[in-house]
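Visitor: Residues per chain, in single letters:
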Amino acid sequence: MSITSTVGEFLVLFGTIFYFLSTLGLIRMPDVYNRMQTATKSATLGSLGVIVGVGIWAIGHVGSYSWVTKTIIIAVFLLLTNPISAHALIRAAYKSGIPLWEGSVVDKYKEALEREEGEQ
Amino acid sequence: MGEASKISRYLYTVIVLFVIWIFLTSSLDIQELEIGLVFSLVVGALTYSVFTESGLANFHPKRIIYGIAYIPYFLWAMLMANLDVAYRVLHPKRPINPGIVECETVLTNDVGKLVLANSITLTPGTITLDVRDGKYYIHWIDVKDASIEGASENITKPFEKFLKVIFP
Numbered sequence: 001m002s003i004t005s006t007v008g009e010f011l012v013l014f015g016t017i018f019y020f021l022s023t024l025g026l027i028r029m030p031d032v033y034n035r036m037q038t039a040t041k042s043a044t045l046g047s048l049g050v051i052v053g054v055g056i057w058a059i060g061h062v063g064s065y066s067w068v069t070k071t072i073i074i075a076v077f078l079l080l081t082n083p084i085s086a087h088a089l090i091r092a093a094y095k096s097g098i099p100l101w102e103g104s105v106v107d108k109y110k111e112a113l114e115r116e117e118g119e120q
Numbered sequence: 121m122g123e124a125s126k127i128s129r130y131l132y133t134v135i136v137l138f139v140i141w142i143f144l145t146s147s148l149d150i151q152e153l154e155i156g157l158v159f160s161l162v163v164g165a166l167t168y169s170v171f172t173e174s175g176l177a178n179f180h181p182k183r184i185i186y187g188i189a190y191i192p193y194f195l196w197a198m199l200m201a202n203l204d205v206a207y208r209v210l211h212p213k214r215p216i217n218p219g220i221v222e223c224e225t226v227l228t229n230d231v232g233k234l235v236l237a238n239s240i241t242l243t244p245g246t247i248t249l250d251v252r253d254g255k256y257y258i259h260w261i262d263v264k265d266a267s268i269e270g271a272s273e274n275i276t277k278p279f280e281k282f283l284k285v286i287f288p
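Keeping their order, the protein sequence lines are chains A and E.
Quick note on the working numbering: the first sequence kicks off at 1 and runs consecutively.
Quick note on the working numbering: the second sequence kicks off at 121 and runs consecutively.
Bound-form chain A, shown alone:
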């Protein structure tokens, strides 16, 4: 039991806690936009924790540094691609006319779209 495998196990545990919280948020939040907030975000930190955690765990447990470099590359590509899919999903939801939750305070995007329509 070395220090790196302990750190790795802690990171994996940390990631799974955030997976759990994001799932809970998926059930508790009122509309699609707020669900996206919890689902995509906590999944990112959760995945980051689990992926990098496995790489660090392998340093102590397998005795090889080749895992951690690969997992860092995977984490970087995850950070590059995840927000684009989240943006595409939430924009598609808005464009298909799903209304905001009634407790929402402001919708500047609708105002901008109406302004643009008025100009044409």
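The hints are simulated quantities; they were obtained by calculation from the structure and are not laboratory data.
From the three backbone atoms N, C-alpha and C, an ideal C-beta is built for every residue, glycine too.
Where hints are given, some of them may not hold.
As the list claims (entries may be wrong) - Calculated lysine-lysine pairs in the PhoX-like style (CA-CA distance at most 25 Å, straight line):
{"id": "1", "chain 1": "A", "residue 1": "Lys110", "chain 2": "E", "residue 2": "Lys233"}
{"id": "2", "chain 1": "A", "residue 1": "Lys95", "chain 2": "E", "residue 2": "Lys281"}
{"id": "3", "chain 1": "E", "residue 1": "Lys233", "chain 2": "E", "residue 2": "Lys182"}
{"id": "4", "chain 1": "E", "residue 1": "Lys182", "chain 2": "E", "residue 2": "Lys264"}
{"id": "5", "chain 1": "A", "residue 1": "Lys110", "chain 2": "E", "residue 2": "Lys255"}
{"id": "6", "chain 1": "E", "residue 1": "Lys255", "chain 2": "A", "residue 2": "Lys95"}
{"id": "7", "chain 1": "E", "residue 1": "Lys255", "chain 2": "E", "residue 2": "Lys281"}
{"id": "8", "chain 1": "E", "residue 1": "Lys264", "chain 2": "A", "residue 2": "Lys110"}
Stated by the list, open to error - Here are the computed distance ranges between Cβ atoms for each label pair:
{"id": "9", "chain 1": "A", "residue 1": "Gly118", "chain 2": "E", "residue 2": "Val139", "range": "42 to 52 Å"}
{"id": "10", "chain 1": "A", "residue 1": "Ile3", "chain 2": "E", "residue 2": "Lys255", "range": "14 to 24 Å"}
{"id": "11", "chain 1": "A", "residue 1": "Tyr19", "chain 2": "E", "residue 2": "Ile184", "range": "31 to 41 Å"}
{"id": "12", "chain 1": "A", "residue 1": "Pro99", "chain 2": "E", "residue 2": "Glu224", "range": "22 to 32 Å"}
{"id": "13", "chain 1": "E", "residue 1": "Ile142", "chain 2": "A", "residue 2": "Leu80", "range": "17 to 27 Å"}
{"id": "14", "chain 1": "A", "residue 1": "Ser85", "chain 2": "E", "residue 2": "Thr145", "range": "40 to 50 Å"}
{"id": "15", "chain 1": "E", "residue 1": "Leu176", "chain 2": "A", "residue 2": "Ile72", "range": "16 to 26 Å"}
{"id": "16", "chain 1": "A", "residue 1": "Pro99", "chain 2": "E", "residue 2": "Thr145", "range": "49 to 59 Å"}
{"id": "17", "chain 1": "A", "residue 1": "Ile3", "chain 2": "E", "residue 2": "Glu224", "range": "41 to 51 Å"}
{"id": "18", "chain 1": "E", "residue 1": "Pro192", "chain 2": "A", "residue 2": "Glu114", "range": "36 to 46 Å"}
{"id": "19", "chain 1": "E", "residue 1": "Leu153", "chain 2": "A", "residue 2": "Arg91", "range": "37 to 47 Å"}
{"id": "20", "chain 1": "A", "residue 1": "Val62", "chain 2": "E", "residue 2": "Ala266", "range": "50 to 60 Å"}
Stated by the list, open to error - Under 8 Å between C-beta atoms, here's a sample of chain A residues computed to sit facing chain E:
{"id": "21", "residue": "Phe18"}
{"id": "22", "residue": "His61"}
{"id": "23", "residue": "Tyr65"}
{"id": "24", "residue": "Lys70"}
{"id": "25", "residue": "Tyr109"}
{"id": "26", "residue": "Ala112"}
{"id": "27", "residue": "Glu114"}
Go by the hints and put chain E onto chain A.
Guide: Structure of chain E alone, referenced to chain A:
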């Protein structure tokens, strides 16, 4: 920013591909490096025209230092925001106050704008809904200030001070 020369863009693409190759194989064996260099040169020739516009200028030391400093800063912001959203999920009263706000940015570079939009989306509590003419439309889980200035102060300003150096 104008386009850099073809050679500079090609070399930049090859270097980035080669670094990714070294990370993926995680071996400094001479045979691995040779075949990686060959593949980097071939793939670089095919893809440099879509990969980069500024070429080797991306390796300016100041931009690299700010880029490296941005990583822990961003991870810390992401962690704090994650805990904030976790608190809102776990709280029995579900204290959310959502809305779509408008933000402005001082960035002019397209890649910089993309990185800012991605950083905003990765930070929990905010998702970039759309970017039009330098205006960001952001879904915010807890609207503290609905005005353009107030929202920009809260959402885009913290990232901008790094990004405007990295992507001038």
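Visitor: All the hints need checking, so say for each whether the structure fits it.
Guide: Against the structure, the hints come out as follows:
Taking the CA atoms of lysine 110(A) and lysine 233(E), the gap is about 22 Å. The hint holds against a cut of 25 Å. The hinted pair formed by lysine 95(A) and lysine 281(E) fails the criterion: a straight-line CA distance of about 32 Å is larger than 25 Å. Between the alpha carbons of lysine 233(E) and lysine 182(E) the distance comes to roughly 19 Å, so the proposed pair stays at or under 25 Å and holds. Between the alpha carbons of lysine 182(E) and lysine 264(E) the distance comes to roughly 34 Å, so the proposed pair goes past 25 Å and is violated.
The straight-line distance between the Cα atoms of lysine 110(A) and lysine 255(E) is roughly 14 Å, inside the 25 Å bound, and the hint therefore holds. At roughly 18 Å between alpha-carbon atoms, lysine 255(E) and lysine 95(A) fall within 25 Å of each other, so this suggested pair holds. For the suggested pair lysine 255(E) and lysine 281(E), the alpha carbons sit about 17 Å apart, so the restraint of at most 25 Å is met. For the hint linking lysine 264(E) to lysine 110(A), the alpha-carbon distance of about 19 Å falls within 25 Å, and the restraint holds.
Under the hint 42 to 52 Å, the C-beta atoms of glycine 118(A) and valine 139(E), about 50 Å apart, fit the expected range. The hinted range of 14 to 24 Å is not satisfied by isoleucine 3(A) and lysine 255(E), whose Cβ atoms lie roughly 48 Å apart. The hinted window of 31 to 41 Å between tyrosine 19(A) and isoleucine 184(E) holds, with their beta carbons roughly 34 Å apart. Remark: the range hint 22 to 32 Å for proline 99(A) to glutamate 224(E) is upheld by a beta-carbon distance near 26 Å.
The hint said 17 to 27 Å for the Cβ distance between isoleucine 142(E) and leucine 80(A), and at roughly 19 Å that hint holds. Taking 40 to 50 Å as the suggested C-beta distance range, the pair serine 85(A) and threonine 145(E) does not conform, at roughly 28 Å. A beta carbon spacing of about 24 Å between leucine 176(E) and isoleucine 72(A) agrees with the range 16 to 26 Å that was offered as a hint. As the Cβ distance of proline 99(A) to threonine 145(E) is approximately 51 Å, the hint placing it in 49 to 59 Å holds.
The given range of 41 to 51 Å is respected by isoleucine 3(A) and glutamate 224(E), whose C-beta atoms sit roughly 47 Å from each other. About 42 Å separates the C-beta atoms of proline 192(E) and glutamate 114(A), a value consistent with the hinted range of 36 to 46 Å. Against the hinted window of 37 to 47 Å, the Cβ-Cβ separation of leucine 153(E) and arginine 91(A) comes to about 43 Å, which satisfies the hint. One distance hint, 50 to 60 Å for the beta-carbon pair valine 62(A) and alanine 266(E), holds here, with the actual separation near 52 Å.
With a cut of 8 Å, the hint placing phenylalanine 18(A) at the interface with chain E holds, because the nearest CB-to-CB distance is about 7 Å. Because the beta carbon of histidine 61(A) sits about 16 Å from the nearest beta carbon in chain E, more than 8 Å, this interface hint is broken. A distance limit of 8 Å between C-beta atoms decides the matter here; for tyrosine 65(A) the minimum to chain E is near 6 Å, and the interface restraint holds. The interface hint given for lysine 70(A) holds, since its Cβ lies 6 Å from the closest Cβ of chain E, which is under the 8 Å cut-off.
Satisfaction of the interface hint for tyrosine 109(A) is found here, the shortest Cβ-Cβ separation to chain E being roughly 4 Å, below the 8 Å cut-off. About 7 Å separates the beta-carbon of alanine 112(A) from the nearest beta-carbon of chain E, less than 8 Å, and the hint is met. Here the hint on glutamate 114(A) is broken, as its CB sits about 13 Å from the closest CB of chain E, past 8 Å.
Taken one by one, the earlier hints fail for this structure at numbers 2, 4, 10, 14, 22, 27, listed in ascending order.
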